[in-house]
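Read off the chains here:
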Amino acid sequence: MKVLMFGWEFPPFKSGGLGTACYDLTKGLSRQGIDVTFVMPAAPEGANAQFVKLLGANNFSKNVKVRKISSILAPYQSFTSYAEALKQMKSRAGLKKNPNDIYGTNLYEEVYRYSIAAEEIAEEEQFDVIHVHDWMTYQAGINAKRVSGKPLVAHIHATEFDRTGGNPNQMISHMEYQGLLAADIVIANSNFTKQNVVQHYNIDPGKIEVVHWGIDPENPHYGINQKSPFDDEKVVLFLGRITIQKGPDYFIETADRVLKYLPNTKFVVAGSGDMFERMINRADELGILDRFLFTGFLKGADVHRAFQLADLYVMPSVSEPFGLVALESLKNGTPILISKQSGVSEVVNNALKTDFWDVDEMANKIVNLLKYSELLEELKENSIMEVQKFNLDEPAMKTKAAYERALTIRR
Amino acid sequence: MRKYSIFDIGKKNDYFDDEKNIEVLRKVARKCYLPANSLMLELLERNPEFKISYSLSGVFIEQCERWAPEVIESFKRLVATGRVEILSETYYHSLAYLFSKEEFKEQVMMHKRKIKEVFGYEPRIFRNTELIYNNEIANFIESMGFKGIIAEGWDPILGWRSANFVYRPKTTKSIRLLMKNYKLSDDIAFRFSNRGWEEWPLNTEKFCQWVNGYNGNGECINLFMDYETFGEHQWEDTGIFEFMRHLPGELLKHPDNNFKTPSEVIDTYEPKDEIDCHSMISWADIERDLSAWLGNRIQQSSASRLYSLEKDVKKTKDSVLIDAWRKLQTSDHFYYMCTKWFNDGDVHKYFNPYDSPYDSFINFMNVINDVVLRIKSGHGKKSSETASEVKGSEVGKAL
Chain A
264 MKVLMFGWEF
274 PPFKSGGLGT
284 ACYDLTKGLS
294 RQGIDVTFVM
304 PAAPEGANAQ
314 FVKLLGANNF
324 SKNVKVRKIS
334 SILAPYQSFT
344 SYAEALKQMK
354 SRAGLKKNPN
364 DIYGTNLYEE
374 VYRYSIAAEE
384 IAEEEQFDVI
394 HVHDWMTYQA
404 GINAKRVSGK
414 PLVAHIHATE
424 FDRTGGNPNQ
434 MISHMEYQGL
444 LAADIVIANS
454 NFTKQNVVQH
464 YNIDPGKIEV
474 VHWGIDPENP
484 HYGINQKSPF
494 DDEKVVLFLG
504 RITIQKGPDY
514 FIETADRVLK
524 YLPNTKFVVA
534 GSGDMFERMI
544 NRADELGILD
554 RFLFTGFLKG
564 ADVHRAFQLA
574 DLYVMPSVSE
584 PFGLVALESL
594 KNGTPILISK
604 QSGVSEVVNN
614 ALKTDFWDVD
624 EMANKIVNLL
634 KYSELLEELK
644 ENSIMEVQKF
654 NLDEPAMKTK
664 AAYERALTIR
674 R
Chain B
2 MRKYSIFDIG
12 KKNDYFDDEK
22 NIEVLRKVAR
32 KCYLPANSLM
42 LELLERNPEF
52 KISYSLSGVF
62 IEQCERWAPE
72 VIESFKRLVA
82 TGRVEILSET
92 YYHSLAYLFS
102 KEEFKEQVMM
112 HKRKIKEVFG
122 YEPRIFRNTE
132 LIYNNEIANF
142 IESMGFKGII
152 AEGWDPILGW
162 RSANFVYRPK
172 TTKSIRLLMK
182 NYKLSDDIAF
192 RFSNRGWEEW
202 PLNTEKFCQW
212 VNGYNGNGEC
222 INLFMDYETF
232 GEHQWEDTGI
242 FEFMRHLPGE
252 LLKHPDNNFK
262 TPSEVIDTYE
272 PKDEIDCHSM
282 ISWADIERDL
292 SAWLGNRIQQ
302 SSASRLYSLE
312 KDVKKTKDSV
322 LIDAWRKLQT
332 SDHFYYMCTK
342 WFNDGDVHKY
352 FNPYDSPYDS
362 FINFMNVIND
372 VVLRIKSGHG
382 KKSSETASEV
392 KGSEVGKAL
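Same order as they appear, the protein sequences are chains A and B. Just so you know, we're using this note's numbering here: the first sequence kicks off at 264 and counts up by one. Just so you know, we're using this note's numbering here: the second sequence kicks off at 2 and counts up by one.
The set of hints was computed from the structure by calculation and includes no laboratory data. A portion of the hints provided could be inaccurate.
Here are the computed distance ranges between Cβ atoms for each label pair [stated by the list, open to error]: (1) N544/A to K316/B: 45 to 55 Å; (2) P157/B to D565/A: 48 to 58 Å; (3) Q210/B to P480/A: 49 to 59 Å; (4) N140/B to G596/A: 20 to 30 Å; (5) G486/A to W201/B: 43 to 53 Å.
Dumping the calculated DSBU-like pairs for lysine-lysine here, alpha-carbon to alpha-carbon at most 30 Å [said to hold, decoys possible]: (6) K634/A to K603/A; (7) K21/B to K603/A; (8) K497/A to K341/B; (9) K32/B to K634/A.
Which chain B residues stay away from chain A? Per the calculated CB distances, all over 10 Å, these [claimed, not checked]: (10) D18; (11) E107; (12) N165; (13) G214; (14) N353; (15) F362; (16) M366; (17) N367.
Using N, Cα and C, we set each Cβ at its ideal position, and we do this for glycine too.
Based on the provided sequences and hints, a complete structural model is requested.
Set out below in structure tokens:
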């Protein structure tokens, strides 16, 4: 079986859950003997390079082919951040053409331009199924389906409702809806996401397959074994984009409550985002800023180091379609406290779980965990054992089954 | 127990969720205790040879007295037939023997007094919580004056012997050991409605054939099970009540069969051999050990923390506080913290009010910390004075 996949750039070039998810899925699929032509937007070194063809990229067997479309699209972009990226591109010296000649003047135009380029690729390539990842690639998928007549599988990693804390951009949610509607099969990364898709977009639940994410057990960073530099202080970690979706404000309020019981606790915040300033201001207002350490955006091995030095990872997401990062924490031997409003809470038993808004309960759990080493050890041991059940093969097999179902529907 | 957060420490001391307990008790009374008791009474009246025996914890009797007195009345009617024996156990359905023999003894005596008060009856046979047993317990129980003790008829303990005789525990003089026939007991208690079981559906004829099969190589078959088997674990629509309704009559068809209470059994039959049981056994899970209650760190540490308070709690002479401390000893609290099968998502789910073993531990430790504060305030000021003054940092230090 051959798949034409429109995905996102692999780590370590770009970080974030979507790139990792695409990388892991492609790796898993290639092990299932599926041929993948992987198309992704890539900011060019020289803007004149239209398509770069890379055959047999590193880390993959021969059945994966990577194609890049020159574009400054990136996951989690908004209209504002796209404009920012475009401005940077314009100011960059050495461009032979005015970027406006190539890139869309706004995010919407760029997505449209990308979908036209995608159409050309679809005409050139041989494949059985089209697989697209999140709204920015949905139009590309729709176009590819139109020119090829092949079935479309739309993967939904996060809805616009998740990303915006329930205040969707109308244009984006419309494009999301179009893609989900046009898809023969929708793959949701959790039951949580499936419910959101059904609730917000009224998509037929019968065509939605749930494929929970797995994790690559082979990552060498798990073995770094970073020690905490804070001798007798316990470390509670927040790691993720500092945006409304991830609940950074609830983290601060929880910290304030924990510190009343355990004043010696250190809170490490790893990540960047539009709520960064607000987070600092609130911590200052509460008089607890000195108990915080902000690392900024981390990537590669540093992410794993952050997990390893922490005693507990807290993911207070308001709406977390899956939350792969929670599994990464467990892989690094750090127990987790996750919000019940997450996909990962459906598949991990050995975790502390609360509602994202229940800061009292989060504090209740954190204080007890830091206070009683037997609780920490018990949770740690069991969760390390449990995370071994996750791998890349199971999601790949389920995805393959979804392809087969899409092919049957199309016939 | 109620949801009890760290923020409640020093502020609230109503640890037990009466509303929920009332709800569960009344539900089970309706589905099991009342219909099962009336069935047993019917069977006793119809079959003059039928006999049955009950083990009721003090906490259970107390709850029934408060919230379902009709259940107590129906048990009294059963006992009044003269063919129903009540067994001894710890008042609080606790693991006290494993932590404090003194506390254990007090609870057994409390239970004895309660049974005397309610049923005018003095138990002679002891059964420990969860059938926890070894030589030493048998010895201790003998020294307390009991005539018999019940344990799981677990094969590694029995060796080549059969569970269907009376035995003498090693290191004891006169006490008798009755061993539960777990195969036949579990056929009813666990497998009765299991459609995947090759013997399903189980009817009285088939079951009686199995029992009759022991004739000639056994003197007593001890069937021992949760009473909730009737109507709660096995719902009424599985036919469990009909099965039971026909069981005594069908068993009595065979001339070699009869019914005896545990006391009658040990008075009738001589011990066949000595049973040596050095390590602790129980009736739980495939391991038949203590791991369901004390298998992991959080279970062990919360239990030892609880029992470490014994002296100080008793010193307060505050009967409300002592009673609360004892209610925290009920084995279920530790069962909820079991992580054995949590990985497979197969929690000991039934009746478990917690989302996870960890939540259960956290709730329990918060309550213990409040008990500690109450003990401290009992020595100094009155608890009502300090309650509202407790600040987070003080509680943090107290933890």
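Against the structure, the hints:
Taking 45 to 55 Å as the suggested C-beta distance range, the pair N544/A and K316/B conforms, at roughly 51 Å. In this structure, P157/B and D565/A meet the distance hint of 48 to 58 Å, their C-beta atoms being roughly 53 Å apart. Between Q210/B and P480/A the beta carbon distance is about 53 Å. The supplied range of 49 to 59 Å therefore holds. The hinted window of 20 to 30 Å between N140/B and G596/A is violated, with their beta carbons roughly 46 Å apart.
For the pair G486/A and W201/B, the beta carbons lie near 51 Å from each other, so the given range of 43 to 53 Å is met. For the given pair, K634/A sits about 23 Å from K603/A by alpha-carbon distance, which is consistent with the 30 Å threshold. Distance hint between K21/B and K603/A is fulfilled; the C-alpha atoms sit about 24 Å from each other, no more than 30 Å. Taking the CA atoms of K497/A and K341/B, the gap is about 28 Å. The hint holds against a cut of 30 Å.
Using a Cα cut-off of 30 Å, the hinted pair K32/B and K634/A is violated, with the two alpha carbons roughly 43 Å apart. Listed as outside the interface, D18/B is consistent with that label: its C-beta sits roughly 17 Å from the nearest C-beta of chain A, beyond the 10 Å cut-off. Remark: the non-interface label on E107/B is consistent with the geometry, its nearest Cβ contact in chain A lying 28 Å away (cut-off 10 Å). Every beta carbon of chain A lies more than 10 Å from that of N165/B, the smallest distance being close to 40 Å; the non-interface claim holds.
Remark: the non-interface label on G214/B is consistent with the geometry, its nearest Cβ contact in chain A lying 43 Å away (cut-off 10 Å). Residue-level check passed: N353/B sits 13 Å from the nearest beta carbon of chain A, beyond 10 Å. Here F362/B does not stay apart from chain A, with its beta-carbon only about 6 Å from theirs, under the 10 Å limit. Listed as a non-interface residue, M366/B fails to keep its Cβ farther than 10 Å from every Cβ of chain A; the least gap is roughly 6 Å.
The claim that N367/B is not at the interface with chain A is violated, since a C-beta of that chain comes within 10 Å of its own (minimum 7 Å).
In this structure, the hints that do not hold are numbers 4, 9, 15, 16, 17, in rising order.
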